[in-house]
Each structure stands twice: as C-alpha cells, then as structure tokens.
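We have chain A already, so just place chain B on it with the hints.
Below are the chains, spelled out letter by letter.
Number of protein chains: 2
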Amino acid sequence: MEYPQESFTATTFAPDSFWAKRRSVVRSQTLRHQLQMLKRTGRYDAFKLQWHPSYSNPPTVWPIPNHLFWDSDVAKWIEGACYFLMDEEDAEVDAAVKELVQMIREAQADDGYINIHYTVVEPGKRFTNLKDMHELYNAGHLIEAAIAHHKHYGNDALLSPILKYVDLLAATFGDGPGQKRGYPGHPEIELALLRLYKVTGDEKHLKLARFFIEERGNPTGGKGGRHYYDVEAEERGELKTETRFYYPQPRSYWYHQAHVPITEQETIEGHSVRAMYLLTAVADLIRLSTPTSEFGAKYLPAVRRLWSNMIEKKTYVTGGIGAIKQWEGFGNDYFLPHSTDEGGCYAETCAAIGVMMLAERLLRVELDSQVGDMLELCLYNAVLTGMSLDGKAFTYVNQLASSEKDRSERFEWFECACCPPNVTRTLGFLGGYVWSPVIEERRATVNVHLYTSATLRLDVSGSTVEISQSTDWPWDGNVAFNVTSPDESVEVDLRLRIPGWASSYEITPQLNNVDIWNGYLFLSSSWIKEHLKFSINFPMKPRIVRPNPLTLQPVAYVVRGPIVYCVEDVDHPWEENHFKNVIFDLGAQLREEKRSEPDKYVAIIAEKGFKDELDLSLWKGKVAAELAPGSGRSPTSPAGRDLCFIPYYLRANRGGKGQMRVGLRVQ
Amino acid sequence: MEYPQESFTATTFAPDSFWAKRRSVVRSQTLRHQLQMLKRTGRYDAFKLQWHPSYSNPPTVWPIPNHLFWDSDVAKWIEGACYFLMDEEDAEVDAAVKELVQMIREAQADDGYINIHYTVVEPGKRFTNLKDMHELYNAGHLIEAAIAHHKHYGNDALLSPILKYVDLLAATFGDGPGQKRGYPGHPEIELALLRLYKVTGDEKHLKLARFFIEERGNPTGGKGGRHYYDVEAEERGELKTETRFYYPQPRSYWYHQAHVPITEQETIEGHSVRAMYLLTAVADLIRLSTPTSEFGAKYLPAVRRLWSNMIEKKTYVTGGIGAIKQWEGFGNDYFLPHSTDEGGCYAETCAAIGVMMLAERLLRVELDSQVGDMLELCLYNAVLTGMSLDGKAFTYVNQLASSEKDRSERFEWFECACCPPNVTRTLGFLGGYVWSPVIEERRATVNVHLYTSATLRLDVSGSTVEISQSTDWPWDGNVAFNVTSPDESVEVDLRLRIPGWASSYEITPQLNNVDIWNGYLFLSSSWIKEHLKFSINFPMKPRIVRPNPLTLQPVAYVVRGPIVYCVEDVDHPWEENHFKNVIFDLGAQLREEKRSEPDKYVAIIAEKGFKDELDLSLWKGKVAAELAPGSGRSPTSPAGRDLCFIPYYLRANRGGKGQMRVGLRVQ
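If you read the sequences in order, they're chains A and B. Just so we're aligned, residue 0 is where the first sequence starts under numbering that gives the first Met the number 0, counting upward by one. Just so we're aligned, residue 0 is where the second sequence starts under numbering that gives the first Met the number 0, counting upward by one.
Same shape as in the complex, but just chain A (with noise of 0.2 angstroms):
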C-alpha cells in the first residue's frame, strides 16, 4: 500500500460519485480515443522497428525527433489501460495490451536495449546524449507500464524485458570502474526504480535510483573532473557557443534541474515536468531512507525549500506550474502572467500531474494540509482542465487567460503527446490519491486527503475493514462516513484534511477533544469505535481569493471549495478581447446555479459584476497620463451586466470563441 499505484485497487467509486463518472469516460471513450490516435499517428506499431515515414520529418515543436517520446506514449497508455482493465475486462483494450507487450519484447536486442529512436533511427549512438534524448525517461515509463502490467496479469511478459533492460541500465550507470556517470535530462526513471525496488525488493534497483538522484548536477562528476554534460556534449562535437534553440543559453543546465546537485538548489527551477518527476522520486527516497536517515537529513530540507518556493512563489490558482513557454517551466518568482499577452503562463497538464505526483509523496514523509490541498487543487483544476468531458479531446498548456494567439481551446492529441495519456492513468489510479491507508499489525490509520463518494476496503490482520465516504463534493461539503469492521479488536485512525479554504467545519457527532495536527483532523480509533457513522461539513461557498501582490496581477479569482472559476464567451457573447477590459465589481452579489449541462456543476452568477470597462483613451499617444478619481474607466461601458462564473476545468466543452479568463481585474 505504499504507492498509489498500488493501493488505488483498495478503493472503489460509488457509482453516481464525480470520479466514477469521469473514469467511466476515460474507460469507455478515452482509452479507445487515445489507442486510435496510436495506430493512426505510427506509434502502436512503432516497436516493429520498422521505419516510419514520420522519422525524417523536421521537428516541430522541439528540434529533437517528434517521435523520440513515442515509447513512453505507448508505454504510458498500457499503464492506463491495465489500471482500467482491473475495473473492468475490456477485449480491445486487453487484445491491444497485449500485442502491444509482444512487440516491445520483440524490440529488444540481445543485450536488453529497448528504445525505438536509437534502434531504427540511429544505431549505434545510444547514451552519447543523456541529456536530450530521453532514452532513460522512455525507460523510466516503460518500468511503470511493466509494474501496472504485472499487477493485472500477474505474470512476467512485460517486466521480463523490462528487468532485463534493468539489468543493463544498471551495469551501464553508476559510479564503478567503466560505468557511466550519467543521469537522464528528463527524470522519471528514478522515480520508476524506486517503484520496481518495492516490486522485485531488488537493492540494484534502489542503488541505481540514488545513483541518478545523488549525482546529479555534480559539477566534476565527468571525466576530467568536469560536468558530465560537458563532456558528453564535447564527445559529440557540439560547439559551445552553440546551443539547441529552445535552451536560452549554453549549459541551461538548470532546465533539468542538473545546474547544482539537488541538495544545493535553492529555488526551483527549469523545465517544470521534470522538477516534480524528480523531486517525487526524491522525496520517495527519503520516505524509504526514512525522513532522520542521511539521506532525508540531507534532502528533506531541499524538498520542503523547493516546494515552498514553488507554491508561495511559482504557482497559479489553478496549481498550474510554469510560467515561461520557452523552457516549459518557472520563471523568476512572482512572474506568474496570464496569457501569451500578458507575457507567459504555460501550466503543462503534465507538471500539474506532476504536483500531484510530489503531494502524495511528501504526504507519506509528513502529513500537512497545505500539501493536502495542492493535491486537491491541481486534480480539480490544472489537470482535470487538461481533457474534455468527452475524454476525446485535450489540452498541454493550461494559461488561465486566453490570446487570439493562444485561444482556449482543446486537441484530440498533440505532435508531443505526453499529457492525454498522463492524464488517462492518473485518472486510473486515481482511488491511491483519495486516502493513503498504513496498516501495522492489527491496526489502520487512513488518512484522508479527498473527499468522494467512495469506500476503501482494507485487509487488516485477516478481517476486512470498510471505510466509507458519502457525498456530493465537490459542489457539497458534507461527507459522511461510514466505517465497518467485523473485528472489535481492529484499531481504525482516520485523519481528515481539513481543506485551507474552509472557513469552518462541523463535525457530527461533535467530538470533545479536537486533535488537529498540520490541519488533519484526528480521529482515534477510540472515538471511531463508539462513532462508525459520523460526518463532517465544509461549507462552501462562493469565495474571492487574491494573488500575491508581489505577482502585479491586479485580479480576483472566483473560487468555491476546490474550485476555480472562469468566465467564457459562451455565457458572455458580447466579449471580444478575452475579457481585458472588464472590470468585477468586488461587492457584487455571487449567487450559486446548480446546473446540469453539459454535466452537473454549480455556476457562479456575480449579479452586475461587470462593473465598468477600462478606458484607455487617456493612453492615446502617451506613455502614461494623469488620472482624475474615475477616469480610465469607460463612460460608455457596457457594464452592469451579470458575469457567469464556470469551473476552469469545465472551459472549452461548450463550443464558443475560445475567450476565457481565471481573474478578472478588479481594477
């Protein structure tokens, strides 16, 4: 029970729940969607080893090969899809699964190599570009995907390879005679590793993953003393002056997090995926090592900083990271911009995938709310955002206004594909985020970190232990429980986030003693045992939240319970510039519409929130001007008008212009 991945079979969905819903989608429709999109663009028949006319395509949207991600696309979808097939059986799904499967075992070379690009495009060349090319990252998945098959099947036809290419990683990296002291640009593998060393107990597996963790960013680690970067750049002949466009500079190490070894990193930066993939597998490594081990002495500190500077500092209201489109990830602090327009905001579904990757890690190391809450606040929002209530249709960048250079709008897969299926198998392990159960000897302590209609099944010492949840979230804040356990000698613990944006909560039967700790609420097994049925309330409503000032942004965000709202053209046909010039009345009154179309929500109606429109003809031919109380402000504004507030994740499932915008000005 100690991943997610593993633990999520404890759960189960109430069938009318939010979750259930959305999983039955991605079951029925997303992962049929997504196999077509395989077959159609090359990618499922990829591990033929065939060539694909596709190959000698020039990049599009990075200048390394379009298809250099193909393996970890097909090896993300059989990780998704074994996750959905324990649900349910599926023939089409379990049919492709499985030639799928054949085919990378037929892919592999003798010596356990497995990787399309340096297979069929160039032989010959693997590992001379760690940093780049993605071979280890690609592995790093394929390891996933072998452990979710393992878990359905139950047997080896996948991890039997996958061991195998291990094997060979493992002699090939580390710190010995002969051995490279390379670790992948793009981190995943690590993360993967520590998960496969739970699977096999294996120490090579834990050894290789510390190895990438530990050396990584180590500026003499090559040969000559140099940085391992350097010198396999320098054996392929690049010049330094020279560099890949989208890297702003020569040895932009810090895009992969790989500018100082971790422990010395002091803001999070770079390529935002790869600064959560990684620090998940580092915080894993400290929840194995243990927290007061030398190794979490040494990293839990460099966690908790980077994470703190990236939430206080580099984070949206939806959870999205990244504000630069160039790098893919962080700026500088407080540069968190809207939209294109106003200078970045590039939030990957994959990065806020990532967070939640990173949450449920450090959650395991020290339980908080506020880590909790992340957790909360980027499914309902930055990833939930990132496919359409058809489950056919998604988006990579998550900006939280739009552009006419950057509409909001929605794609059935991308050149780059690595978020649609990212978002399929987080969505099929989904149940392993709800609550993270620890059970020693004849006792379990649940904490609960989401609130849903589900019921968690735990065998504990022979009995089985039901943990049930009941409720409308996240329109509805009370959530009642339900616990059941056949066995009076069996000691339940629950502990209950209580969500930072709750004003209050009530708790029925009411307790004597409360026993908060980093805002969970605990529940002794004592209390429990005389109060199996009990529930809780977070009432929601509508609420205002602001950004930090220090980010220049001038706005207020509609927000309610985990909810972040926008506005879209669709309920606003007049708007034409993306909402820019329209100001919300701060005091307007914020009326709740339950709705059930396109699917069941709770709108917002900010009742003549439009309060006025910028005017900017006092800027006319000036660089700046005097300003008398009320002026900029349109005197013939179509102001007055209600403004309809949606969930952001429901956005661009409704047809429109694609206008759209998290925060309108209140100034």
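Simulated from the structure, these hints should not be mistaken for lab results. Heads up, a few of these hints could be off.
Because identical chains share one entry, a pair is satisfied inside a single copy or across any pair of copies.
[Said to hold, decoys possible] Straight-line Cα separation of at most 30 angstroms, DSSO-like style, residue types lysine-lysine; simulated pairs: (1) Lys203 to Lys656; (2) Lys404 to Lys619; (3) Lys324 to Lys404; (4) Lys593 to Lys540; (5) Lys150 to Lys97; (6) Lys540 to Lys619; (7) Lys179 to Lys528; (8) Lys404 to Lys297; (9) Lys404 to Lys179; (10) Lys528 to Lys391; (11) Lys528 to Lys297; (12) Lys38 to Lys619.
Quantities reported herein were computed from a predicted structural model and do not represent experimental measurements.
Chain B only, in chain A's frame:
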C-alpha cells in the same frame, strides 16, 4: 540646416543653462575619460591592424566577437570630439582625432575596404555575415565621423577614404547584376548615407540607402528566391536547427526588423536600437522624397503605425524602450515590467538616443507635439540617466527598478561600449535638437521643440537673425523669448511646442488669436514683429501619472515638467528591499524642495507618502488568499514616513546601496 548634426552650430547655450553645464562636463571630462578607455582597452590602436590579445577572448556579452564594434566606438568618439572641438579648441583631443584619422587612412585596403575584424581576424570573409557581424554598421559610424570631421576641419582627410569605402559598398550592394542583395543586420549606414548624400549630392549615396531600406525583409531577395539571410547562413554552413544563443529561435529575423518588409510590419519588434536607427533613416527618406511621394505614401503609414505602437504599448514612462534583455528589445504589447525581478526591463541608453533621432526626423516630416514630447522625455530621462554627473560613469541598461541581481549603478566603460560615446556625440550636437529652423528666401520659420537658455543665430538673406530663449528649465516653466533682426523685411515665424504635460500655459503679452496646430503654438511673423520680447509660461508642479492599466503595473509615477522621478535608498536608509513593498499614498502632500547638491535640482517630498507596507504573510504556503478589507498590509509597517523623490537621471550619483525605483505601488 536639415540635420541637427549640422544645424547645432547655429545654437549657443547660455553659460548658466542646464545643458551648457552638462556639455561642459562632457567637453572637459567625458571626452578625455573615453579617450583613456579607448587607449586602455586597445580600441585606440586597433586600426593599426595588429593582433590584440583580446581578439582570442570568448564573447562576454554576445557570442559574436567582443571587438566587433571597435570601429564604431572609435568613430563615435571622433564624431563627438569634432562637435565639441567646434565649440572650443582642445589640443589633446584634436591630436587624438588626427592620429586616429591617420590610422584609419592607413587601415584602408587598396579597394577601399575598412574593417578591423575582417582585416585582422577573419581576412577573406568580408560580407559573408551581414546579419550578425556589424560591418555595415561600423561603416555607417565611420561615415558619420567623416561628415563631422569634414565639418570641423574643412578637409577631406577622413571623408576621402570613407568615400572610397562607400564606392566599394555601392559597387558591392544593390540589385544590379553581380551585386549582393543584402542589407545590414544592424541598421545605421542607411541614415549615415542619407546624411552623406546631403554633403556630397552624389545620387549613388541616396540610391544605396534606399536600396538597403527597400530590400530589407524581402522574403525572396536572395539567391533562388529565398530570404537573403537564409542564403548567407547556408553559404556559411550554419545548421538550420542550431542558433546563436541570443536568438530565441532560428530565423529570428524580427530581431533585425527583417522578418517582413518594413511596410508590412504591424508592430515594432526586435532589437530596439536597430529599430530606431532603421526608422530614423526611413523617416529621413520620407522627408527627402516628400511625404506625398510614392515612397512617402508607402512608408509614412508604416512609420506612423510603428511609432504609435511603440509609444502606446512598448515604452516606459522614462521614454526607455525595450523590455527584453535576451534580444535587447521589444516584448509583447504592454509587457513593460520594471525590473529583472518582475520579468525584465532593458531601456538601453542607445535605444532612447534612437528615439530622439527618430522623433527629430518625424518632426521634420510633420510637426506633432506628442513626438516633440517624446524627444524631450527621452533626453531628460532615458538618455541623461545614462551618464553620471561627473561625466565619467555610464549605464547601458536603464531599468525602472533595481533588484539584487541588477542594482542601480554605473560603470566606467563596457565590453560592448556603444552607449557611452553615443551620449557624448548626442550632447555634442544637442543644439540641433532644440529647434528646427527652415529658411526660405527672407523668411525663417523656427519650430521650437525644447526650452532652455540658448540663442539661435540664422543667416537670412545676409541678415543675422537672433532668437534667444531664457529659462530655468527643466525646473521652471517660464521661458522669455527675444527676437532680434536688423532687417525689417525679414520674417520670423515661431512655433512653440506646448508640452502634453502642461495643463495650462500663459503667453505674455497675450495673443488675440491662438493658432495651435498639432500641439504647436504658431506665432506669426507679424505678431513677432510687434512683440520681439515675449514670454511663455508652462506652470510646473509635481504630478502623479499612471501607466496604461494593461501593463498591469499597480504603480504611480511622480513627475514634474519633463522630469520623471525616482526614490533611492540613499534618501531612505531604512529600505532594504528595493522599495518593492512600499505602498505610496496617492493623497500625500507633495512638497518641492530646491537643492543644489550634488547638482541643482528640485526634489519632491511626499509627506508621509509611505502609507503602508505590503504584508505578504497571508500568502504563506498558499497560491492565493482571501483578503479582508485592509488586510494584506503590514500592521507593524514602518509606514507614515516621508518619501523623497529625485530626478531619475540623478540616480546612482550619491553612493548608497543601489536600490532605486521609479513608480511606487499604490495598492
């Protein structure tokens, strides 16, 4: 009298005027200081064409050789020196000019070519990289130096070899058979050739300038109907997917304003100095060809469009342009962060000098006080801030706020030293910016753009007309005019710019009919004849102005007359955070304080102007926070103190910690 570089000799600044004092510092200190720098760094002797050890150094600022601009550094110093020698003899400066000219003469190849880098470092490669390597930029500055030299010395010692070089260029570039259809990556030669045409009357010079302008951005001008820069890159063997690191992407031709022909450019883009130098030449060619000519009809709308786009959406309150450090240039519309911490701000001194140059040319095409306002704004703020009071320290980047990474400080010189000698030569011919006289037969029409104590002497049909203004500008708005003309039949029309910041003005004696055209007050020759002495007063008082709301800057600026103010830590020794968290009280009483140290100026004291300090504790561990009225402001703030504002151009002259800010938060 068509160019300020020639007309300035008709203007004498009164000895106690603001500008006479600044120019005196440049004459006595700056010229010598910069001569020392030229000598110390190797630039002075570089035209001897010996190897200099620094030629092997790796690039420090740009990945093109550091010495690539040396020709222009020397040329700009010669040009500036000649302007000051026209004021007053100076044996040391005179000797240096003569020695440099002799070296340049000897550095010329038999075919006329003059360039340090391509003679010493890469012989045989001339004209193979017009885009990056600044050969034609250097040639342009040599031409400008030659014109100034010719004007001062009255001989052809420099002009003659430069004309030979221009002959080579005119033979090499053009659309004739066997000619290169290329144009410089850094415009400059275009405006220089137009000035040269005025001196020589040689149509070849006009034709070459026009070719460079009209060919620029031609997508099919190179061999095989391709962009010239694509063709020359291919001929150099450059890979398409690689790029020098200062370009954010391959084919960043917008950086050079060569992405499309000038007439097709909708917004001002790329490197801001290049944009200004280019448009200065375009405006001058419009003037030369007349605005109603075929050329004028085609190019004037483009120049107007780009000017408006720049002023309204891409210019700082100081007149500085260019938000983005990476390409020293323009960002998105309204992307005008104030400091490195906020995401950028460049505002290079040379770019503001370029705005002055362009404004001056535009005012020759059509009188418009908003253009005149920009000329004055840049001069007193974005340009003047580039040089210390003692004339021996400079800035290159002129941010509106300091940060730990980029303090507000000055340097004696730069590796890329374009700015210091550019300020020198600008102050050299400054008289030419004050007014633009046009003499037609017995009528002199004088457009007065700047107010200062100075006298303009014009020869009108053999009579010397003198127009004097006397004022304490920029500290006092009263300007007394005195027109003397020995000949009753000479007509003098005056047109006085009414600054946009002047909420009122008073002319004494009063006018019966007020004739204002595009912000210039027309005083007819008949009125002038009756009122040879008159005065105009533009009352100056501290004002609060605001940036366009779409810039998202929650600040107010303190300004007075043409002067933009800032706060410095030296007046607020308690400040440790670059005034980031100071909330300014818009209702504070603004008291003027006349000061004489370190120079004469008017300080503005905002009494108890430090209203509040931002309290960020609400956002601890959070991405957004609920804000109760009055919250978000520190309960223990050191607020309630006075704030002292000083002119921005005076910053970094009095020691301190280098903490400075233009524009304080008002919320």
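Going down the list of hints, with the structure as the test:
no.: 1; hint: Lys203 to Lys656; result: neither (54 angstroms within a copy, 54 angstroms between copies)
no.: 2; hint: Lys404 to Lys619; result: within (24 angstroms within a copy, 34 angstroms between copies)
no.: 3; hint: Lys324 to Lys404; result: both (13 angstroms within a copy, 23 angstroms between copies)
no.: 4; hint: Lys593 to Lys540; result: within (13 angstroms within a copy, 56 angstroms between copies)
no.: 5; hint: Lys150 to Lys97; result: within (14 angstroms within a copy, 86 angstroms between copies)
no.: 6; hint: Lys540 to Lys619; result: between (42 angstroms within a copy, 23 angstroms between copies)
no.: 7; hint: Lys179 to Lys528; result: neither (56 angstroms within a copy, 90 angstroms between copies)
no.: 8; hint: Lys404 to Lys297; result: between (45 angstroms within a copy, 28 angstroms between copies)
no.: 9; hint: Lys404 to Lys179; result: neither (44 angstroms within a copy, 37 angstroms between copies)
no.: 10; hint: Lys528 to Lys391; result: neither (45 angstroms within a copy, 82 angstroms between copies)
no.: 11; hint: Lys528 to Lys297; result: neither (41 angstroms within a copy, 86 angstroms between copies)
no.: 12; hint: Lys38 to Lys619; result: neither (54 angstroms within a copy, 47 angstroms between copies)
Hints 1, 7, 9, 10, 11, 12, counting from the list given before, are not met by this structure.
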